[in-house]
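Trainee: Residues per chain are reported as follows:
2 protein chains.
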Amino acid sequence: MPIAKGYAATDASQPLVPFTFERREPNADDVVIAIKYSGICHSDIHQARNEWGFSKYPMVPGHEIAGVVTAVGENVTKFKVGDHVGVGCFVDSCVGCATRDLDNEQYMPGLVQTYNDVEADGKTPTHGGYSDSIVVKEGYVLSIPGNLPLDAAAPLLCAGITLYSPLRHWKAGPGKKVAILGMGGLGHMGVKLAHAMGAHVTVLSQTLSKKEDGLKLGADEYYATSDPETFKTLAGSFDLLICTVSAPIDWNAYLGLLKVDGSMVVVGVPEHPVPVHAFPLVMGRRSLSGSMIGSIKETQEMLDFCGQHGIVCEIETIRADQINDAYERVLKSDVRYRFVIDIATL
Amino acid sequence: MPIAKGYAATDASQPLVPFTFERREPNADDVVIAIKYSGICHSDIHQARNEWGFSKYPMVPGHEIAGVVTAVGENVTKFKVGDHVGVGCFVDSCVGCATRDLDNEQYMPGLVQTYNDVEADGKTPTHGGYSDSIVVKEGYVLSIPGNLPLDAAAPLLCAGITLYSPLRHWKAGPGKKVAILGMGGLGHMGVKLAHAMGAHVTVLSQTLSKKEDGLKLGADEYYATSDPETFKTLAGSFDLLICTVSAPIDWNAYLGLLKVDGSMVVVGVPEHPVPVHAFPLVMGRRSLSGSMIGSIKETQEMLDFCGQHGIVCEIETIRADQINDAYERVLKSDVRYRFVIDIATL
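One line per chain: the protein sequences are E and A, in this order. Converting from the first sequence to the working numbering requires adding 4 to each position, the first position being numbered 1. Converting from the second sequence to the working numbering requires adding 4 to each position, the first position being numbered 1.
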């Protein structure tokens, strides 16, 4: 069995520590990847600390993985040694399931998450990208366009697709007014992607502290949600509002910013339910919706789109021994805009 | 000024009483209607009792109006004396407004409600259908197909369009699984309409007491929501779930009954906000939406559809002096399925 080095959470309350473990033996349809960079997603913290209640330890987090192919199984046709590849939030889905829907596999029950889950064999724990190698079925490996640097491309595998999918599904494009709520790891990708799709983009952020960045990344307008005037000025303005904030906020106020038939799409998941009043929904046939990552097919489409438009994340690269500090800084929103672990420092 | 007889609420806490008032002088583009029947909608009670906080007294409720044309202004081309006509929830909208949208006028800011509002002149109070006549601009008068009895057609003007519009907007039809939550005045119309559109229809009602009616009206399946098994059996089942219940219920449980990309559409408005968890939205790209009546154009389309399919409401006709009793019975859900006032008894 191939041996991997990584960083793991060993229980909900301890910092992550260096961890050596076995990767599974590659099969004929597997791709072996030397991981070069791994992004830090807020959901890594939720899971490392068991905030969603289904964590298994030891856990090697990381589902924003960029690396280079080092070996391929004999049935693999799409990849060869040396290719730049990525792995996102899942590494298997309901294979053989009658209802398997390639456009929506991320919502199907048989999904196998990249970490904190078990492989399709029902027993082998999956481990993520805070490590130096991974073995993944060809069908779940993504091709990273050659013009994108691997470090800044890594977070596209989660932050990128998390915004790309709802922007596409709700048809962001020319003539559409899109608001991105939250200017963090997810939000700044929403700005870049919606702008590249041709939509008119407004950032709604707590303060104006990142306004200059927002406008540089493609926003047309930038408003502070701490200013009550914002909600008067922008009432009834948007076709689509993507909420990247998982802190408890008043969703009703944001629903009021939608046009008739507008949609507010939640991609950040607050820990507790949020009180929703029927009036803002009913008075404008508005919708409150959710969206979660994207299918493998759509993730590849997103990477190709990013390749064509030269889009990557804004990142701060860290050493592996800085992971625990980075977690604290993520919780304080003290990152512009995504931490990426340089796996060479493991 | 034409004199009208009716029943009015005089303040939030008193029963409705007989009331005589002046209707406005008809203009060249007005239709004068002898009201024959007026349905009782739950929202009449909310407004008569000022439960939404914007009631003006005296108030003649009623926005499910069916009658016969008795006079037309010289510019009126669509109606003549003797025609069967209806008036619904609004009698004017943003005329001259740059953004007037005939498909969505019910969501526009300039809407003038049939009662508890003021006419476009900004001062004349509007009064509704619990009365023997009304003067309405031609553009807000609906034609009731000749094969539909006026008494049972009256509630189509609110209950009918309130269900028809979301069923059409969310594309109920062959191959679609539609759930109607609540088997009351709104819900039973949802069953009839969704069935006529060709959808597979499931009723979700607190108990099975109205199951026989539901199946007779067109439901394919009928489940009790008081049985926890219902939520297991039906998990992930529906493309569209229309919630006609305005009592506080756990929306999250119903969101779990939707398929991927399914929509739950609220047409009953609970008084207080309902806690909504992001998980059921995010885990299946589901939507929680609202819908409110329909445009004049769509209301006419609905009436024509009902004419073609012979659809009317199930009603219990009452005398005018039974209005206050009927209100109490509505609050106890003791009506199958809509009260209609026989205006001849005024």
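Don't read these hints as lab results, they were simulated from the structure. Just so we're clear, the structure is a prediction, and the values are computed from it rather than from any experiment. Check each hint, because a few of them may be wrong.
Since copy identity is lost for identical chains, a pair holds within one copy or between any two.
For lysine-lysine, the following DSSO-like pairs were computed, each having C-alpha atoms within a straight-line distance of at most 27 Å [unchecked claim]:
#  : residue 1 : residue 2
1  : K141      : K180
2  : K84       : K175
3  : K84       : K60
4  : K180      : K301
5  : K301      : K220
6  : K263      : K301
7  : K127      : K215
8  : K336      : K263
9  : K263      : K175
10 : K236      : K263
Trainee: Between K84 and K175, at a C-alpha cutoff of 27 Å, which is it: within one copy, between copies, both, or neither?
Mentor: neither (35 Å within a copy, 46 Å between copies)
Trainee: Have a look at K263 and K301 and pick one of within, between, both or neither, based on CA distance no larger than 27 Å.
Mentor: between (31 Å within a copy, 20 Å between copies)
Trainee: Is the C-alpha distance from K236 to K263 at most 27 Å within one copy, between copies, in both cases, or in neither?
Mentor: within (13 Å within a copy, 36 Å between copies)
Trainee: Check K141 against K180 for me: Cα-Cα at most 27 Å, and say if that holds within a copy, between copies, both or neither.
Mentor: Classified as neither; 38 Å inside a copy, 35 Å across copies.
Trainee: First find the shortest C-alpha distance between K301 and K220 inside one copy, then the shortest across copies, and answer within, between, both or neither for a cut-off of 27 Å.
Mentor: neither (30 Å within a copy, 45 Å between copies)
Trainee: For K127 vs K215, is the C-alpha pair at or below 27 Å within one copy, between two copies, both, or neither?
Mentor: Intra 48 Å, inter 46 Å, cutoff 27 Å: neither.
Trainee: Measure nothing new, just compare the shortest in-copy and cross-copy C-alpha distances for K336 and K263 to 27 Å and report within, between, both or neither.
Mentor: This pair counts as neither: shortest intra-copy Cα distance 33 Å, inter-copy 36 Å.
Trainee: I want to check one pair: K263 and K175. Are their C-alpha atoms no more than 27 Å apart within a copy, between two copies, both, or neither?
Mentor: Classified as both; 15 Å inside a copy, 21 Å across copies.
Trainee: Checking an output row: K84 and K60, CA cutoff 27 Å. Within, between, both or neither?
Mentor: neither (33 Å within a copy, 75 Å between copies)
Trainee: Checking an output row: K180 and K301, CA cutoff 27 Å. Within, between, both or neither?
Mentor: both (25 Å within a copy, 26 Å between copies)
When each numbered hint is compared with the structure, violations occur for hints 1, 2, 3, 5, 7, 8.
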